[in-house]
Amino acid sequence: MDLVVARPEGLYCPPGNFYIDPWRPVDRALITHAHGDHARYGHGHYLAAAPGAGILRARLGDINLQTLEYGESIVHHGVRVSFHPAGHVLGSAQIRLEHQGDVWVASGDYKLEPDGTCAPFEPVRCNTFITESTFGLPIYRWRPQREIFADINAWWLMNASAGRASVLYCYSFGKAQRILSGLDPDIGPILTHGAVEPLNAAYREMGVALPATTPGTDATKADIPRSLILAPPSTRGSTWMRRFGDHADAFASGWMQLRGARRRRGVDRGFVLSDHADWPDLQTAIDATGASRVFVTHGQIGVMVRWLREQGLDAQGFVTEYGDDEIDQAVSSKAEETA
Amino acid sequence: MKAFSALFAQLDGTTSSNAKLEAMRAYFSQAPAADAAWAVYLLAGGKPRQLVPTRMLREIAAQAAGIPTWLFEESYDSVGDLAETISVLLPDADGDSDEGLAVWIEQKLLPLRGQPPEVLPAMLEALWRQLDLRGRFLCFKIITGSLRVGVSRLLVTRALASVADLDPKQVAQRMIGYTDLKATPDGAAFAALIAPASEGADDPARSGHPYPFFLAHPLQVPTDTLQGLLGSPSDWIVEWKWDGIRAQLVRRADDAWIWSRGEELVTERFPELADMGRTLPPGTVLDGEILVIREGQVQAFSQLQRRLGRKVLSNRILQDFPVALRAYDLLEWQGEDWRPRPLSERRAQLERVVAEAAHPALALSPTLQAEDWEGLDEQRAESRALGVEGMMLKAKTAPYGVGRTKDVGTWWKWKVDPFSVDAVLIYAQPGHGRRASLYTDYTFGVWDSPPGSPERKLVPFAKAYSGLTDVEIKKVDAHLRKTVVEKFGPVISVTPLLVFELGFEGIDRSTRHKSGIAVRFPRMLRWRQDKPVDEADTLESLAALLPEPLAG
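Read top to bottom, the protein sequences are chains B and Z.
Residue numbering for the first sequence is 1 to 339, as defined by our numbering.
Residue numbering for the second sequence is 1 to 552, as defined by our numbering.
None of these hints come from the bench; they were simulated from the model.
A few of these clues could be false.
[Claimed, not checked] Under 8 Å between C-beta atoms, here's a sample of chain Z residues computed to sit facing chain B:
#1 I67
#2 L71
#3 E74
#4 S75
#5 S78
#6 E84
#7 T85
#8 L89
#9 A93
#10 G433
#11 R434
#12 R435
#13 S437
#14 P532
#15 V533
Using N, Cα and C, we set each Cβ at its ideal position, and we do this for glycine too.
Working from the sequences, and respecting the hints, build out all of it.
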């Protein structure tokens, strides 16, 4: 029996009678992480990994939320459920399901490179693995994050020396905190947009060390020319942004790997920094599960299924409403929130 | 290579002309002449012929990347650029070459041409192993003959002029032919571009070089404002705007050369025009339009295209598609540069030259007269029937300028409104470059029978990818993704729901198109969100726009 099947409401576990990251309101939902396309309003009960509880509550309000520590398990209708670090954002988890000796793991979104702002990815052995495929093409290969951070700091320093503020667009939850953890605070003040600051607070509360930040609205005239500003992409051209005057801008995302996406974005620089696994890491992660059967969700479903089949695995696709479709996530702000 | 690669990154990373100018200035004032020579060539649009066949490059790249060819193709569909796809798929570099652009092009890239397939993988690996992502991208762009840098030739000219402290027009003159296919830029060629003005190396008397073309600006104002804007029509020379190939005929020393507007030497494509040119007195340069003219009738551009499409010009082609030059300007006479003289004087002399030549392949572009602009506008309304695109307006007192500058007597193109039909979007595929992985290239169809006919179908008749704003593109893209019916490689078919008003310049019968109709320069004029699919146009309404069979 399949432990997970695709239903119009979301990925469903028939023996357990619960859903994983459902996109329509259901009674019981297991949540891999707090990004908006995975954690939605309106479910009866939520079950999630404990480190993500604060952010889930901050985003979804007063929900009926039960949590488990990483590795801790409970049995529901005969299905043993546990959460294991996915390395994507704070509190992100792979969900392991065990029923009558069969083991399935649903990855949610994941990244293999440890980054210091969330628990690093742990491979979990299973018979069937449900993997994301956001960057499921061999054109996506990330450089180590220390190189990217060095590039960002060098860019910031160059602008600061020229007396220009540096605006770095990135997603408020996850990406912003990861960048913060790699910035060199000796270069100048770090300013943040109102969408970013509450998440910084949530991270700090969970014991993640981040450099000091100041809300952009509190910045003094003297601060601005040497500052780096972290803001979501939607603030570009807004009145909020105008206070920083003539500035350099950049965007941090895995999509910045491609020249076309960089040019479409129209910023001065694109930093290739993603919270998702690149092509080699997707293969590494799938391989490490030891699974003989793989379901591929959101991203490059067709490509990954064909590739995995050629590698001798039993692979098929699951159509979900996570992220966007398989062709271009770079235009959808919903998908970019998780990129 | 590193310096050029850094320059490319700077030019690619900004849309400001001033920043681009400054970046090129900085590069040209530091680069060794041999490297700068190639940089000018590449920036100004020069392209060495394809050095390695594309198919072979794809295979070699897929193999080196350790992926099957289908995965290479999937990657390519996502990236939208072959050179970039190859660059990102290849394994990481293990070196970092310090050699200059000239060494790279002359000693590493150009020798790739004509190599047997069995040695190419190793030769290419020796190259990409030494380059970072950007360097690779440039190399593969050069290898595939598809490097495009976001700078105009005019901007390159200005950068060089500023480095050398010269008049940009003089640099433009020296640049002519620089990017020709057979050109081989070297340090001496670069030195000649930026040599001090006094050295007098600019005497064109013995070379076949043309003058920089003077280009027209569009005129889009109500007819009743023209008197206020341009004064009396009697101050202007008014001609038809021909739908052919703009060209200069250069007759000097013992020979004649034909140059197209892209400053491409096309003499060999038009032997009958070169023959005619040799009958003119040496030291003559004419500006005009190449047209297919049969039994005194100017033929549609598609006829000229059929001739351009041939690699070898058989006698049959020469007979079936006879060309002639409709001359409208005289740039050089008796070896003297006539461009500074007023147009009225050039035109008067041109009329004498054409009359004197009395050659069937040379005719004047006739001038048009009327009492007032309204009178000319009435004549302009007949443009379609005559197979022209509208009118050209040129001030009688003005000299002949350079490029698209407006500092001397602007030339205006006063075009007729384009043809337009309402068509339905039926297929889409992702664009390239800035539009990669967004659905931006669309195929449009019209109905094969009138409204109400049972089981009527949409017949594809035109492809278009321009005319929408970025915001509209995003909306259309999102819409298409929700209505995909089938996928064929990168192409999707969609439920026919979106109607667009398409504009195009010309229409002709075609045996190569399913619809039996070919249109020129189709583009989207607007998204008809108000129009239901059922009310889109039909093949019949499209056919009504066709020229009379005589002219087709």
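message = Hints numbered earlier in the text: which of these fail when held up against the supplied structure?
response = 9, 14 and 15
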